[in-house]
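**Student:** Each chain, written out:
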Amino acid sequence: MEDILTIQKVTKTYQAKNGELEAIRDVSFSVKKGEFISIIGPSGCGKSTLLSIIAGLEEKTAGDIWIEEEPIQGISEKIGYMLQKDSLLEWRTIYDNVLFGLEIRGKKNKKSKAYVDTLLKKYHLYEFKDKLPSQLSGGMRQRVALIRTLAVKPKILLLDEAFSALDYQTRLMVTKDVYDILKNENMTTLMVTHDISEAISMADKVVVLSNRPTTVKKIYDIDFEMEKRDPLNCRKSHKFSQYFDCLWKELDVHG
Amino acid sequence: MDKKAISKDRMIYLRKQKINKIAILTVQILIVIGFIALWEILANLGIIDSFIASQPSRIVKTFMNLSENDLLTHVGITCFETIIGFGLGALLGVLIAIILWWSNFLSKVADPFLVVLNSLPKIALGPVIIIWVGAGMGAIIVMALAISLIVTVLEILNGFLNTDKELLKMAKTFNANKMQVLTKIVIPANISTFINSLKVNIGLSLVGVISGEFLVSKAGLGYLIVYGGQVFQLDLVMTSVIILSIVAAIMYQGVVILGKIVQK
Numbered sequence: 001m002e003d004i005l006t007i008q009k010v011t012k013t014y015q016a017k018n019g020e021l022e023a024i025r026d027v028s029f030s031v032k033k034g035e036f037i038s039i040i041g042p043s044g045c046g047k048s049t050l051l052s053i054i055a056g057l058e059e060k061t062a063g064d065i066w067i068e069e070e071p072i073q074g075i076s077e078k079i080g081y082m083l084q085k086d087s088l089l090e091w092r093t094i095y096d097n098v099l100f101g102l103e104i105r106g107k108k109n110k111k112s113k114a115y116v117d118t119l120l121k122k123y124h125l126y127e128f129k130d131k132l133p134s135q136l137s138g139g140m141r142q143r144v145a146l147i148r149t150l151a152v153k154p155k156i157l158l159l160d161e162a163f164s165a166l167d168y169q170t171r172l173m174v175t176k177d178v179y180d181i182l183k184n185e186n187m188t189t190l191m192v193t194h195d196i197s198e199a200i201s202m203a204d205k206v207v208v209l210s211n212r213p214t215t216v217k218k219i220y221d222i223d224f225e226m227e228k229r230d231p232l233n234c235r236k237s238h239k240f241s242q243y244f245d246c247l248w249k250e251l252d253v254h255g
Numbered sequence: 001m002d003k004k005a006i007s008k009d010r011m012i013y014l015r016k017q018k019i020n021k022i023a024i025l026t027v028q029i030l031i032v033i034g035f036i037a038l039w040e041i042l043a044n045l046g047i048i049d050s051f052i053a054s055q056p057s058r059i060v061k062t063f064m065n066l067s068e069n070d071l072l073t074h075v076g077i078t079c080f081e082t083i084i085g086f087g088l089g090a091l092l093g094v095l096i097a098i099i100l101w102w103s104n105f106l107s108k109v110a111d112p113f114l115v116v117l118n119s120l121p122k123i124a125l126g127p128v129i130i131i132w133v134g135a136g137m138g139a140i141i142v143m144a145l146a147i148s149l150i151v152t153v154l155e156i157l158n159g160f161l162n163t164d165k166e167l168l169k170m171a172k173t174f175n176a177n178k179m180q181v182l183t184k185i186v187i188p189a190n191i192s193t194f195i196n197s198l199k200v201n202i203g204l205s206l207v208g209v210i211s212g213e214f215l216v217s218k219a220g221l222g223y224l225i226v227y228g229g230q231v232f233q234l235d236l237v238m239t240s241v242i243i244l245s246i247v248a249a250i251m252y253q254g255v256v257i258l259g260k261i262v263q264k
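Quick note, the sequences are listed as chains A and B, same order.
Under the working numbering, residues 1 to 255 are what the first sequence spells out, in order.
Under the working numbering, residues 1 to 264 are what the second sequence spells out, in order.
These aren't lab readings, by the way, just hints derived from the structure by calculation.
Do not take every clue at face value.
[Stated by the list, open to error] Calculated pairs, SDA-like style, for lysine to any residue (alpha carbon to alpha carbon, straight line, at most 20 angstroms):
#  : chain 1 : residue 1 : chain 2 : residue 2
1  : B       : K260      : A       : Q169
2  : A       : K85       : B       : E166
3  : B       : K184      : A       : Y95
4  : A       : K153      : A       : Y168
5  : A       : K131      : B       : K172
6  : B       : K165      : A       : K176
7  : B       : K172      : A       : T49
8  : A       : K176      : A       : T49
9  : A       : K85       : B       : P188
10 : A       : K85       : A       : K121
11 : B       : K169      : A       : P133
12 : A       : K228      : A       : S197
13 : A       : K218      : A       : S30
14 : A       : K85       : A       : Q169
15 : B       : K260      : A       : D195
16 : B       : K172      : A       : E35
17 : A       : K131      : B       : K165
18 : A       : K121      : A       : E161
19 : B       : K169      : A       : E161
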């Protein structure tokens, strides 16, 4: 398989009062189609900044980002971005919330609506389409937010601590739901998280970042050798704790 | 058995709640009736002078002779001026708030002026307004506008600027332009801010209209109150004040109902 996303020597420097502050230095890695990449790093390292740069919400100082062999600049239609909060619009129905992205991009037509219908039906939200967000549980709201992002058919999905606002139980269930949906749609995903076990449970690869200035410290391949991978049952595998120990040491929390 | 016991307790609790509510309402009504009765009796006994304090029965009489004092016309004029002032205040207020939200530069430039204008007692501008606009309905409406506009602008702009940052970021990830952010996020997210500012505004517009009528002294409830005071017709003053409070309550309720309709 070929690389769908290539990040090449991305660097970010901030202008601060006492000179320049180098936040990210020469970060490079590439992602294959359908892969799930988790990005972890010590708190305060630039992992969310890196994601914002890929999303085009922040400018990079140097380096290139390529999607399907095309360099991207600024906010790209090829990228879907999901934030920590579901950010559903409380005054819109579930259906109108899901249509929001299409509406903004001026692509609200019969074809896209039909696609939204399929997504809603496939992921058991169709019967709630006329409800308001306040009538749904936290996990369901997050699923609606995911479908809103998928509705615009991005090539790459970015998840920025997308589950950390949920309570632990809901979070485990939502990771499974989201994982199934993403694998089903063969979506290429980059997830930033501070939770090592969440990172392992979903990822094909884990990218470990260093302290500021952020560089790529190591990339781990995660493979549970399972027939059907599931973020819940892979936690029971003995390999899971091995991965966890490795990554914990890499993060160098006490150092 | 157990279930029945609980439901019995629940019934007692509900009954207590209901009795409490009725008691509060009864006491409130009794206070009003007692106050009116005391006022009437004391005036009849000559303990208070009904010439300067008026008297409920005389107020009722004035009220009954609506046509004699052209009371209805005056009420109508005050209502009209208030609604126009209120409507203009809300409309211009929202418009200016949108412009200031749109342009960071303009809003920074306007900031100190808004602060000064907000703390200035607008009634002080009364004589100037009358000279510039002329002693008529125009001056009164401008007065109402002067009092309500700045508060509306500040409150709505504040609401706009405090729109949930996460929602704005979400819209940005879809590459929404400023107009889309305004119409699809900022305005719908601030409906309750808007309704709250209307509630404050209706009161402020009435203050503006009444003080305008005091100064212009041609028509309206404010004029009647000033006129009644000058000719020592306290019955007229009291009647006007009571009608004014009824008008204010109705208008406020109107805004409350509007808010409920808009917010579903």
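**Student:** Each hint needs a verdict: does it hold in this structure or not?
**Tutor:** Here is how each hint holds up against the structure:
no.: 1; hint: B/K260 <-> A/Q169; verdict: violated (37 angstroms)
no.: 2; hint: A/K85 <-> B/E166; verdict: holds (7 angstroms)
no.: 3; hint: B/K184 <-> A/Y95; verdict: holds (15 angstroms)
no.: 4; hint: A/K153 <-> A/Y168; verdict: violated (29 angstroms)
no.: 5; hint: A/K131 <-> B/K172; verdict: violated (25 angstroms)
no.: 6; hint: B/K165 <-> A/K176; verdict: violated (28 angstroms)
no.: 7; hint: B/K172 <-> A/T49; verdict: holds (16 angstroms)
no.: 8; hint: A/K176 <-> A/T49; verdict: violated (26 angstroms)
no.: 9; hint: A/K85 <-> B/P188; verdict: holds (19 angstroms)
no.: 10; hint: A/K85 <-> A/K121; verdict: violated (23 angstroms)
no.: 11; hint: B/K169 <-> A/P133; verdict: holds (19 angstroms)
no.: 12; hint: A/K228 <-> A/S197; verdict: holds (19 angstroms)
no.: 13; hint: A/K218 <-> A/S30; verdict: holds (13 angstroms)
no.: 14; hint: A/K85 <-> A/Q169; verdict: holds (17 angstroms)
no.: 15; hint: B/K260 <-> A/D195; verdict: violated (44 angstroms)
no.: 16; hint: B/K172 <-> A/E35; verdict: violated (26 angstroms)
no.: 17; hint: A/K131 <-> B/K165; verdict: violated (24 angstroms)
no.: 18; hint: A/K121 <-> A/E161; verdict: violated (26 angstroms)
no.: 19; hint: B/K169 <-> A/E161; verdict: holds (15 angstroms)
Checked against the numbered hints above, the structure violates hints 1, 4, 5, 6, 8, 10, 15, 16, 17 and 18; every other hint is satisfied.
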